[in-house]
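So the protein lines, in turn, are chains A and B.
With the first letter of the first sequence counted as 1, position 73 gets the number 73 in our numbering; the numbers rise by one all the way through.
With the first letter of the second sequence counted as 1, position 44 gets the number 44 in our numbering; the numbers rise by one all the way through.
If you are wondering where the hints come from, they were derived from the structure by calculation, not from laboratory data.
The structure displayed is predicted, hence computed values, not measured ones.
Some clues are possibly wrong.
Which copy? The list can't say, so a pair holds if one copy fits it or any two copies do.
As the list claims (entries may be wrong) - Pairs of lysine-lysine residues, derived as DSSO-like cross-links and limited to a Cα-Cα distance of at most 30 Å, are as follows: (1) K108 <-> K307; (2) K208 <-> K181; (3) K6 <-> K108; (4) K307 <-> K40.
Number of protein chains: 2
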Amino acid sequence: MSREKKISIKEIANISGVSVATVSRVINDNGRFSAETKRKVLKVIEETGYETNYIAKSLRMNKSNTIGILVPDISNTFFSNVVQEIESVLFEDGYATIICNTARSKEKEQAYIKMLKSKMIDGLIVISGFSDFETDDLSESLPVVCIDRKIKLNSHTILIESNHYQGGFDATEELITKGSKNNIILTQHNRLSSTVERLSGFKAAQKKYGLPTTDNSIIAIDMNKNHSRSEAIKSALYPRLATEEGISGIFAINDRLAIEAVRVILNFGLKIPSDVKVVGFDDDPISRYCYPPLTTMQHNVGVIASKACQALVGIIQQSTDPLTSHEVVPVKLIRRETT
Amino acid sequence: MSREKKISIKEIANISGVSVATVSRVINDNGRFSAETKRKVLKVIEETGYETNYIAKSLRMNKSNTIGILVPDISNTFFSNVVQEIESVLFEDGYATIICNTARSKEKEQAYIKMLKSKMIDGLIVISGFSDFETDDLSESLPVVCIDRKIKLNSHTILIESNHYQGGFDATEELITKGSKNNIILTQHNRLSSTVERLSGFKAAQKKYGLPTTDNSIIAIDMNKNHSRSEAIKSALYPRLATEEGISGIFAINDRLAIEAVRVILNFGLKIPSDVKVVGFDDDPISRYCYPPLTTMQHNVGVIASKACQALVGIIQQSTDPLTSHEVVPVKLIRRETT
DNA sequence: TTGTATGCGTTATCAT
DNA sequence: ATGATAACGCATACAA
């Protein structure tokens, strides 16, 4: 493996008999050179297979045409879809993308931010994650757009998010209009804004139809011990299934939870959707293939990604604050066989 | 948003009243400075919040402590798991990771390689993808390790892959030992080495048990038109299900295909696994939750990732060829309810 | 239209 | 133990 030295602008200049400045000009097409020299230089570049050293360019220009993405868990379907979409439009815009998987670790997140800044990234996209770190301080010195991650009010940071409130509302309304009166929300113990909003939507829908939301309406699973998640759901649900006024509708905050719930219910001996109806969230591929196929809320990944990119690139290139700093994109009910 | 100028080594030098050389020495702990100056400089660094500019460092050192990953489709579960794992160990080793989603586009792949080289990446990991591009030329000038991607024999490139042959063999043997005599392989039209190997495994297992592999044993779906994939499987399978000597076992080359096949069979009115048995490949999460839960082959993502990183980092740091240039890691049968 | 010279932030060589 | 300075590859202000 011979790492042959790469050819630089200087070589090109020597070979074609002009100065480095001139070479630089024709490469960047800045004008101020004759057609003849252009031809000459381009020919040499072609022959030598010269390629720009973006490290040097970045150092000189103080920008890298690179943007960073912080994502908590790339193996999560929704996240990876968003990332993939973002990467695609950014690529079109001429930006490279550094995807950083923070594994929900605050330390890793900080380390990555440091690394990204030292790489002179032009902008940063932060997807979800817990909001207790200071994106705000960050956005003072760097264009930042967040996706599904609440930030301080006085922030320069832009926020793009799914309408989790509406999602929670529509999901719950689906349960109700399909005939379920005794509904609960199956949620998790965390402080994600998306979780909070979905709960609000649930409550609002309940209220609209004159249904109460009590402590009993909320079952929150602790995600710390993943292995027993299924057990946790089981022990929370079983006693509530047997009673006179048993649970007849479940809005689960994500599809994984929903599917676990479905299993528990089926094992208990109840029918879905006749005895109890279930709605999930995220439209994970598993919701299409599980049994029975799961009614769920679908994110509009395409517009989330494009809005995020549009906002970020806008503020990078104009170096000015954009018109809207908060976009909320609707989610859509996908009706399948659990309601 | 005030992009305040970042502080450099020069400032540190001025403030602490030493030269830039000295500052650089204490930062890199190269010795040749007094304890006193060290203390002094470190204090200033602390106070000012100085952070190394890795762009400049990279330019000077001709290395970036960054490695690139080329992945065809980050939303594919297996790929995203591998990437996540790789990212994790590389992070521990002090390397940043640039994940590039090539979307199976040759143009994008080339563009990304160009970009990565110009960013002075220290190494490259290529996951799957079609083998008709020249990783070989690449590996002349850059440490490269491939995962599940066949390359030319004379190559410097290292290859880590799942044992697709063994996977195909074990999957098929599972069908046979569970009582199925009339087996087919459900595959796709592509030239991926993994596809080819799985087919070989299928044939070998058939042969071992005195079962023939004819043209009729192979059903290859065209993936071009995704929307009609389900239809394609249906029309391929239906006529073969009705006959006297109907299909009793299907080895599907991936879980998506397997699940579609399961649906077709169920719709046809046959029982699984009593009438026909199915084995998939990849252990996608959907295989756990689909109905009935799918027997499938599980990759050992952890060792694939760690072997890949180990190999890459080894050749980067020692700048020498590693002992083994080809590692094959076993896959594991996960027995669920389709066999 | 073209060339010279300077600087981006580092590290490394060579003095001192 | 420390400092001055060159060099990495590039873009640009200024001079010609």
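Checked hints:
1. K108 <-> K307: For K108 and K307, both the intra-copy (27 Å) and inter-copy (23 Å) Cα distances are at most 30 Å.
2. K208 <-> K181: within (12 Å within a copy, 59 Å between copies)
3. K6 <-> K108: So K6 and K108 pass the 30 Å test across copies only (22 Å; inside, 34 Å).
4. K307 <-> K40: neither (43 Å within a copy, 48 Å between copies)
In summary, the structure is inconsistent with hint 4 from the numbered list given earlier, while agreeing with all the others.
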